[in-house]
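Residues per chain are reported as follows:
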Amino acid sequence: MTLTVLLPRALYPYARGSGALRVDDACLTVGDALSVVGRRWPGVVDRVMTERGEVREHVNIFVGDESIRFAEGLDTRVTDGDTIMIVAAVSGG
Amino acid sequence: MTGLSNEELRRYARQTILPNVGLDGQRRLKAARVLLVGAGGLGSPAALYLAAAGVGTLGLVDFDVVDASNLHRQILHGTAAVGTPKLDSARARLADVNPHVTLELHETRLTSANALEILRGYDVVVDGTDNFATRYLVNDACVMLGLPNVHGAIFQFEGQASVFCTADGPCYRCLFPEPPPPGLVPSCAEGGVLGVLPGLVGTIQATETLKLLLGLGDSLAGRLLLVDTLGMAFRTVKVPRDPACRACGTREITTLVDYDAYCGTPAPAPDGSAAALELTPRELAARLDAGAPLDLVDVREPHEWAEGRLAGARLVPLGTLDAAMDTFDPSREIVVYCRSGMRSANAARRLREAGFHVSSLAGGILRWEDELG
Chain A
1 MTLTVLLPRA LYPYARGSGA LRVDDACLTV GDALSVVGRR WPGVVDRVMT
51 ERGEVREHVN IFVGDESIRF AEGLDTRVTD GDTIMIVAAV SGG
Chain B
1 MTGLSNEELR RYARQTILPN VGLDGQRRLK AARVLLVGAG GLGSPAALYL
51 AAAGVGTLGL VDFDVVDASN LHRQILHGTA AVGTPKLDSA RARLADVNPH
101 VTLELHETRL TSANALEILR GYDVVVDGTD NFATRYLVND ACVMLGLPNV
151 HGAIFQFEGQ ASVFCTADGP CYRCLFPEPP PPGLVPSCAE GGVLGVLPGL
201 VGTIQATETL KLLLGLGDSL AGRLLLVDTL GMAFRTVKVP RDPACRACGT
251 REITTLVDYD AYCGTPAPAP DGSAAALELT PRELAARLDA GAPLDLVDVR
301 EPHEWAEGRL AGARLVPLGT LDAAMDTFDP SREIVVYCRS GMRSANAARR
351 LREAGFHVSS LAGGILRWED ELG
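Chains as they are written, first to last, in the working numbering: chain A, 1 to 93; chain B, 1 to 373.
Read the hints as simulated data drawn from the structure, not as lab findings. Even glycine gets a Cβ: it sits at the ideal position worked out from N, Cα and C. There may be inaccurate statements among the hints.
To be verified - Residues of chain B clear of chain A, computed beta-carbon distances all greater than 10 Å: (1) ARG11; (2) GLY43; (3) VAL196.
Unchecked claim - Chain B stretches covered by chain A per the calculated footprint, using a threshold of three residues with CB under 8 Å from any CB of chain A: (4) 22–28; (5) 128–135; (6) 156–163; (7) 205–214; (8) 338–348.
Please model the complete structure; the sequences and the hints are all you need to start from.
Next up, the structure:
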């Protein structure tokens, strides 16, 4: 299967400048996909998840246009071809 | 209903012939009161278009002065305005754009003590602030007062826009329940911003404001618009109202909180402990003149350092503070400073937690130059 994980620009430096990560491993859930990303790009996942493995409160993860916070959280199911988008709060004005 | 003069009828002719606007819509705009929090990158285009469109009363909240580094994006202000209050140049520019607009200028920092008083009485609030502390303050005040909050935020090449706090819609805390912890999210001063980006996002905020006032179209309430200028892609994602939201759901948040700027921890209570962490420019100058044994640390970014610094200072950008902790001498007093005192307050708190004797220069280099330059 192939999933795409889109990053906010503030996380590009932690993925060697890339904003779209391809995940080819078999994943059932968003949490699985983030584990794969974390093995390759630990700096990305450190900034998305707390030390306790929860999504940080200034971060939202979307599968398509649906927030996983209002689905099954990290247990939200993913299927081949899904795009997982990480959106972090920004403060600039 | 509010009348329109012949001059106003000519001025708004291309707008009043629009279907669903007409003279009634124009009169509605003239009767409307919109508050813009921040007269910077987002507030500039939003204010210009709202004034041009004929919104009758525009309030502006800002306490800053124009800096040369603002000019590539803050189009309310010109070169001649550098060093003067932003609200002065905003007033002159907006009065020229549309003299029929009444301007209400609030030259102050929005705080938990004045936010409700300032926001009350407006129909719509436009959030164009540049820090998380004020964003949460604006959101919570809008929830308490039942005011729509037209949101915009930017970083480098990306922007976000939405409409919060409508009758049935989510608020900012439904999307982001709490601010990020200190140092985790860089500011525009640290990360930079494409000058035209706030132009895009600020005009989206102006558009959403006009739609709300006129009752037109589908607002961004319940959706977050993500603007990517490099990919030139606009995406929207759903933002449901969260029944567990502490602000608009359970209503646990019943008083306003002043967060430390740029971080997610409430500021210390005003019991003297916070005040003791700050030195005024005159106090610092007097101590330096007296040869006090202190280490001066600049926590700005290298490009800011290159433009000028306090004599004898050492550069430790805020993002590298943790890594540099071991290099500070715990037997000496540290004074940290930045541009306006926000980043240095963050640094001072972290250094104090690590056991150092530390103060922050109140108001940063800007106030130093104002008072001693």
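Here is what the structure says about each hint:
Chain A leaves ARG11/B outside its interface by the beta-carbon criterion, the shortest separation being 29 Å against a cut-off of 10 Å. Annotated as non-interface, GLY43/B brings its C-beta within 10 Å of a C-beta of chain A; the closest such distance is 7 Å. Here VAL196/B stays apart from chain A, with its beta-carbon at least about 14 Å from theirs, past the 10 Å limit. Counting residues of the stretch 22–28 of chain B whose beta carbon lies closer than 8 Å to any beta carbon of chain A gives 0, which falls short of the minimum of three for the stated coverage.
Residues of the stretch 128–135 of chain B lying with their CB closer than 8 Å to a CB of chain A number 6, which satisfies the three-residue condition for coverage. Beta-carbon proximity to chain A at under 8 Å applies to 5 residues in the stretch 156–163 of chain B; the threshold of 3 is reached and the given coverage holds. Restraint check on the stretch 205–214 of chain B versus chain A: 0 residues with Cβ-Cβ distances below 8 Å, three needed, restraint violated. A count of 0 residues in the stretch 338–348 of chain B with a Cβ less than 8 Å from any Cβ of chain A is obtained; the coverage claim is therefore unmet, three being the minimum.
Comparing the model with each numbered hint stated earlier shows that hints 2, 4, 7 and 8 do not hold.
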